[in-house]
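Protein chains in written order, with our numbering: chain A, 1 to 444; chain B, 445 to 931; chain C, 932 to 1180.
Treat the hints loosely; a few may be bogus.
Claimed, not checked - Partial list, derived from the structure: chain B residues whose beta carbon lies under 8 Å from chain C:
1. TRP518
2. TYR857
3. SER874
4. GLU878
5. ASP879
6. GLN880
7. PHE882
8. ARG885
9. ASP893
10. LYS904
Since the hints were derived computationally from the structure, they do not count as laboratory data. Positions of the beta carbon are idealized from the N, C-alpha and C atoms, including for glycine.
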Amino acid sequence: MTSAEKRSISAWLEASARIVDVGDEAPFLREARSQALATLSGQSLPTRRLESWKYTSLNEIAKIEWAAPRGPLQKNQELPATPLSRQAGLRAGLIDGRFVTEPETPKYQGARLVSLSETRTGELAPSGCLDVLGQVADLKRHFFTALNTALLDDGACLEIEPNAQIAEPIHLSIVDSKSQTLSCPRLALKAGAGSRATLVIEHLTFGDGPRLAAFVSEIIVEPQAELDLILVQREESESFLASNLYARLEQHGRLRVHTLTLGGRLVRNEVVSELAGQGAEVDLRGLFIGSEDRHIDHQTTIDHAVSHCTSRELYKGVLGDSSRGVFCGRIIVRPDAQKTDSQQSNPNLLLGEKAEIDTQPQLEIYADDVRCSHGSTIGRLDPEALFYLQSRAIGPESARAILTRGFAQEIVETVPKAVGHPQLESLIAGALEAATAQAFGEGP
Amino acid sequence: MPEKNEALKQLANQEYQYGFVTDVEEDRLPPGLNEQVVRQISSKKNEPAWLLDFRLKALRRFLEMLEEKNEPTWAQVDYPSIDYQNIIYYSAPKTPVELESLDEVDPELLRTYEKLGISLEEQKRLSGVKVAVDAVFDSVSVATTFKSELEKKGIIFCSFSEAVETHPDLIREYLGSVVPYSDNFFACLNSAVFSDGSFAYIPKGVHCPMELSTYFRINASGTGQFERTLLVADEGAQVSYLEGCTAPMRDENQLHAAVVELVALQDASIKYSTVQNWYPGDKNGVGGIYNFVTKRGACRGARSKISWTQVETGSAITWKYPSCILQGDGSIGEFYSVAMTNNCQQADTGTKMIHLGKNTKSTIVSKGISAGRGQQSYRGLVRIGPKAEGARNYSQCDSLLLGDECGAHTFPYLEVKNPDATVEHEATTSKIGEDQLFYCRQRGLSEEDAISMIVNGFCKEVLRELPMEFAVEAQNLLSVSLEGAVG
Amino acid sequence: MLEIKNLHANAGDEPILRGIDLEIAAGEVHAVMGPNGSGKSTLSNILAGRPGYSVTHGEVLYAGQDLTQLEPEERAREGIFLAFQYPVEIPGVSNNYFLKASVNAVRAHRGEPELDAMEFLALSQEKMKAVDMPADLMNRSINEGFSGGEKKRNEVLQMLLLEPQLSILDETDSGLDIDALRVVAQGVNSLRSPDRAMLVITHYQRLLDYIVPDRVHVLSAGRIVRSGGKDLALELEEKGYGWIEEASA
């Protein structure tokens, strides 16, 4: 442990104790926190000796002395307005982990998006979220989940009422405003039976200096509910983000997660989805674009716990300069999960001379009546396609740019239209430009 | 499908047909692992000081690893901990130190090999397809055939111990150069106590006129087998090497920790085929061989090629990753594997393809069949180094499941540090096709014949890489091993 | 040869056939027609013993014995042949190897000596000419990469090799162009004889121009709603299935 890391961790543990001292929290929360503290005590940041951190080093994080999240922030914090948030009906934010909403929150049909801090008194939080918080996440396996839980003080609760059909996207912005400070945003989401909704989570940083966010979301998709999640990760180049998302799907529940990683210094995504009810369907789709020496790590687990479930997974990487991408996609088919249908694919474009990708598509299958496949490819742009475009009078730089955009476009296409395709495409185009500037040249 | 279970269960009861024990007088050391044992092994073999030194370094490192509890645990296999102090590290048939001809081989041994279907006498007389055989019985090489014919071409093919005496320079140059003594837990153990094995050297430009082959057999009880194989193909040389393994049925687990090192210099090519049929244990998982093997080849020279083909049907536990280090520009590595686990067998097998040179190419085709309560993992690494411009890899890993208590797992690691590389990996896992079975049965084939036919078809891409004589044996083995596979 | 009495059958758990009576004598060719979902394929699968299909009521007698008690391969050896609507691909197993194994399994059951490789080659070459099949298809994996027409020819080739007593052709015409259809029909017709019977299942009348049936049955909602001579097929072609369904309602 470096001395900075030691100081950070002890500051975090102290902060956790301070929160406990307030003493007014719901018993289940106290339980979760004490478990988290027990897990954390004596631990250092995960090292590359751990199999799941084999390709991602946290040395840079260990070198910085991080302040713990502290104190309530000043009143009247404003929600940032972004091109994506403008598409939304219902909006809120977690600024340095604190729940912020618009001054005048409109009454919204079918959905409630409120602060989780009320859960500390156990009075005001929507009852549905109490079934979710601390129930889906895995403290033991994931350091940053334990860290977030130990420091759990506020967060967002989203409850979609049963059978609510919400066409407009709901938007949650997650902002880290303080330099050299850890933030622990948290989301508990319950998609009620038969409901339909879309949630956009947008990560932003304002100002200079390193940030560290340990974001945890827990989701329960009830029977027949359909939920679309779009994670847009576009922090500044000094930000570290660990985003751990846990979802449990009940009978015929459907969940689609799009993770677009377009920024940040080091981004680690953990997506764990458990197919817990028959007929459930999960579709994980990711696009990660690396430039300079950014590091993007995706760890996904799809756990087929029962029979007759379907999973699809498509993660696409575009890596420029000396950026590095990691994809580890684990698919587990439990002994009783007969009739499982699972497909996973991870194509990557390696564009930078020093770019690197490490990919591990994994199948663990304990049932026999299944159809599972995975595939992974790594390479450059297809020379045939390049030649084809060039033969149609398109210059090589433009041809490469067109093909790279085309490669990324597949991920955008399945995002619900209401989220704002043009807005997403322009964000992606910006990230691609940064990633390909060196590889393709700055233009003719 | 109760009727299917019945049909398959009827076949289940075929015993492991190589499970006989040969009664020969043995020269063995007491169980235990220490410096004295290693010195005794070395002195029994009249080894030079540098080799003893190699062994002792390995022993010290191994004892350290044992102390640090460094026995690998990452593989998807489960077995009770091994007491390394309770294994006999040397057991040899009591025969003259040097065998001048087959006449000196204990006739009981020759009968053993005949039971295995390798008649050394016959091999010698065969004029059509020639296979030069080196047979390793427990820890000692007992006979090598066709030696004089090979010598005319300058090919050296003999037991490892003999090579240490007759070609010490070659051994000293290459031993441990591909698998260093400290490489991993089991390789380290082997480096300390290896007793014998095969050595082959193919000189510059020579194409070996026949298949070279080693048959390994563990016979004595309570022993481990630690053989060491070293194959060197000099510039432009070509060789095809076969390896077969069997062991008697015993209700104890026996340890087999071998090391195989291959070196291919410029334009050389080595084809290494294995049919592994160590005793798998009985259907309740009692007994069987723990097969913890390190196999690695170095394509040192430009345009060199190393091709591994393995058919793994035996052993209680298989832990084995035949690998290629592709150093030479334009060098080629191949890995073709069929692994079958039935009853309580566990296999964690795959390969590593390390691309260092430019325009290096590798192909991985892995076919896993899991039946009964068998657990099977493909574990493979493809690494493309920063200087491996134009490197290419293609991997295909398919698993077939027979029965609802087995498991099939796929753990590929792809690490690419060069943007000019192309890497493709595909994997599928599925149950044997109901529609395929029905189609075959509608044409009058019995269910077990249909399963055997479909499984052999599933493995075709790998089986066709085997030399002809071996392919037939492999197909039969697959059918036999399938028996009792409850669909 | 084949007697079906009040047959009720399920595909999975779903009842499909709801009381079929059908009798086919040696030497006869019967056609079963019907709209999609009427139970045509279920009937052929029940006769061949495909797993997942079960008889819930009624009897199926073949040459006097209860067919439902036999395994699929036993039925095949007894002379029942199903030409599949969707012939199955089996990677890595050559067509030649498969057919030889199949022919010898049937021969062994009949008490005939097994054919060796040379004898089988001679036999298969002769039969392949009859269905106009290119020689290289024998060395390729079973049905793998075959065109729709090649697959159907392969089915008829197998039928010619096995010389079944009762042939069931399940939508053998689907996916065939007119030339292929003619070749396939020729192959089938060459097997017609006083001691063999055939059951031709089809959606369209077209095939019956080439394989002329003795009797035509119309299947609707799991029952035979009408039977007649070969002219019934023409009438159906003209008026559609709606006419018959209405008439029988």
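Tested hints:
{"no.": "1", "hint": "TRP518", "verdict": "32 Å, violated"}
{"no.": "2", "hint": "TYR857", "verdict": "27 Å, violated"}
{"no.": "3", "hint": "SER874", "verdict": "12 Å, violated"}
{"no.": "4", "hint": "GLU878", "verdict": "6 Å, holds"}
{"no.": "5", "hint": "ASP879", "verdict": "5 Å, holds"}
{"no.": "6", "hint": "GLN880", "verdict": "5 Å, holds"}
{"no.": "7", "hint": "PHE882", "verdict": "5 Å, holds"}
{"no.": "8", "hint": "ARG885", "verdict": "4 Å, holds"}
{"no.": "9", "hint": "ASP893", "verdict": "7 Å, holds"}
{"no.": "10", "hint": "LYS904", "verdict": "3 Å, holds"}
The structure does not agree with the numbered hints 1, 2, 3 stated previously, though it agrees with the rest.
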